[in-house]
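Asks: Read off the chains here:
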Amino acid sequence: MFDELLARLQQKHRTGAFPGAEPQIPPRARCLPAVDLGTCGCASGCNACAAACPTGAITVNGKVCFDLGKCLFCPDCAAACPKSAIRFGTDYRLATRTRDDLRVATDPLRLAAALEGETRRLFGRSLKLRQVSAAGCNACEADCNVLNTLVFDLGRFGIQFVASPRHADGVLVTGPVSRNMLLGLRKTYEAIPSPRLVIAVGACAISGGPFAGHPEVLNGAGEVVPIDLFIPGCPPHPYTILDGLLRLLGRR
Amino acid sequence: MTEPKPKSIRNLEPLGLDKVPVLDVSGFRRTIVDAVRNGARVSSFFGVPASALAEGNAATPAPDGAASPVRLFAVLASVETGTLSVLSALVQGEYPSLTPECPQVHWFEREIWEQWSVKPAGHPWLKPIRFHAPYAPTGSGAAAGAEIGVAEFFRIEGAEVHEVAVGPVHAGVIEPGHFRFQCHGENVYHLEISLGYQHRGVEPALVGGPNRRTLHYLETLAGDTSVGHATAYARLVEALAGAAAPPRAMSLRGIALELERLANHTGDLGALAGDVAYLPTASYCGRLRGDFLNLSALLCGNRFGRGLIVPGGVNFDADRELIAELQARLAAAAADVQGAVELLWQTPSVMARFENTGALSLELATELGLVGPVARACGARMDVRHDFPAGIYQFVQVPMSTWNTGDVFARAYVRWLEIQKSIAFIQERAEALPDGACRQDLPVAPDRRQFAVSLVEGWRGEICHVAITNSAGRFIRYKIVDPSFHNWIGLAMALRGQPISDFPLCNKSFNLSYCGHDL
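Protein chains in written order, with the working numbering: chain A, 1 to 252; chain B, 1001 to 1519.
Incorrect hints may appear among the rest.
Here are the simulated DSS-like pairs of lysine-lysine, each with C-alpha atoms no more than 27 Å apart in a straight line [to be verified]:
1. Lys-1005(B) with Lys-1019(B)
2. Lys-1127(B) with Lys-187(A)
3. Lys-187(A) with Lys-128(A)
4. Lys-12(A) with Lys-1421(B)
5. Lys-1019(B) with Lys-1007(B)
6. Lys-83(A) with Lys-63(A)
If you are wondering where the hints come from, they were derived from the structure by calculation, not from laboratory data.
Remember, it's a predicted structure, so these values are computed and weren't measured experimentally.
Kindly produce the complete structure, drawing on both the sequences and the hints.
Replies: The following block contains the structure:
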């Protein structure tokens, strides 16, 4: 008993001040990418970033356009740029309400708007989610799970991962949706009472990620269920996920 | 004519493909069975269609309806000599199964059957492991793309016997898989584990590489082992080119690999505590796991170490200031982990649940070819870092951690021993980081077909990658064996005779990868 109390003192209070204070994102984190238009050579036909991208997330058409839904937030494009014009910033806020909003060039990213009307009233202060990993690699799953730890303390926002779709208000999908998980995902979704939400977490669930185009997978959850919230990343930082959830509920 | 002998190579020693001996099927079988009886372990065992290996001269197509020939490759690891034996045999349609004499290849033979439609005749347990269409749609008796979940599950009959089916979607935030328990009351007679839900077709997609996606396939092969698989891949590409990463990169890779081990082992100890409802350690370790992940992010921006490792070295250097921060934060986390974990060993209610639960004997672990902390918890002395050292582990030894009771306690305690050693390793490596570049350009691989094996001790155990390249250096085959591939059967065996309510605890004490298995 004494040992437990001593250990408790040693471990201190660790719950983060988020959302009251901004979280500490590691300086080297690769979140929202940006292109320095002054140095970018795409006007003179440079295509090096697009050619290096493993998932075809970059298109160059007079300007560099990122599809954050495909982006693995890897260092390959920035390393390939002969002018070092690409920088990944530390702005962790990346969640959107539509697939199209994830395609960004020079305009700022349109972050997710809150739910409206009845769904907001129903879920705004209590959201229960069933998580389905449909061929996710366990990185997105891990960074969802970590929201339950005392640092993030997801429960204080009224959000909880529940064990049964019957208890859930929505499904949070990770992974590109393997053909072998198609039935599992569909049945889970159908078992959730309406109205229900779908949240896609990670490049795989949004676009198939590195597995896009494989005959063994669908290219993301959107081919099976309608998605209400897109949280990009490979995996998204836990604060990116939490920020997205809170925006959806109108709490940020 | 004397029969060819298996060729002995070292970890990361490339071999001309024409030097890989081809034995006849009976010699191949006998060699493997004898070697395993004498203490070797099957690290990898896989098929490649002979047509894919016949470069330059067009393969003779098999007559309609006949099975096309497939070449089987086996890699046997010998801890005593620190060498790998490589051998192969050409088979067509079917061959006599090795499993009855050498149980540890049971899963490999099922995989070969499912991938290439080559039937191991006499296999006692022949069913799909991933439920996908065959890679080569020829041959007989193949799984032929069986529908997932539809299989001849093992069944016990009897008045009071009942069956419990769990998954693929589980209650927690975890990957999918299907578990069938044959129970008598609370008691589990048998557990059958049926996977494949995570199958993404990674191995076929790696053929023809390396290309711009290859590294990302490896980093996402098992997301919690991004550094382990990326290290195995990067070293393999370097070895095929006859090069190695610079010393500074070796050290940084070693630090990243041990950080990955720390994060996962700490998370596992917390989860084990949670499963026996001991909340203090569960909460503390949940947080501390994140602290270790954040140290990986400090190095390379990604909590799972993605983007750090590339063939030729590492993408991110660490200056003195960053290293000092790493050391200070690691020291703080180390003290907190010690406080959190030692509570477990002094709490009788925890120990009562850990001890004698899900025990495996050393004999069984050896016979099944189990790897990693699971095997070391049974007393098996094996650790790639020690037995087949590569990279920084050639120069610095991490002491091997073993225990001998083979139960949940042993699997937990071995993790704790490894945590302490990984922390010491990182602190020492950070202190003595070699100067120089952290990345170098690789020479062009020699103009010949090559075969090479890369072994890494990931946090779950032995990661084995085998590459077979054509003369242009492209992969004809890239075979991956995640440690989970060996160890899932260990979990099934550990459950025998246990109450079904101990399944979550036993499962957590293995904590195996679904996608690493399903590929």
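Asks: Now look at each hint and say whether the structure bears it out.
Replies: Tested hints:
1. Between Lys-1005(B) and Lys-1019(B) the alpha-carbon distance is near 11 Å, which keeps this suggested pair within the 27 Å criterion.
2. A hinted pair counts as satisfied when its Cα atoms are at most 27 Å apart, and Lys-1127(B) with Lys-187(A) qualifies at roughly 25 Å.
3. The suggested pairing of Lys-187(A) with Lys-128(A) holds, with an alpha-carbon distance near 17 Å, which does not exceed 27 Å.
4. The straight-line distance between the Cα atoms of Lys-12(A) and Lys-1421(B) is roughly 25 Å, inside the 27 Å bound, and the hint therefore holds.
5. For the hint pairing Lys-1019(B) with Lys-1007(B), the CA-to-CA distance comes to about 8 Å; that is within 27 Å, so the pair holds.
6. In summary, the hint linking Lys-83(A) to Lys-63(A) is supported, as the alpha carbons are separated by about 14 Å, within the 27 Å threshold.
The earlier numbered hints are all upheld by this structure, with none contradicted.
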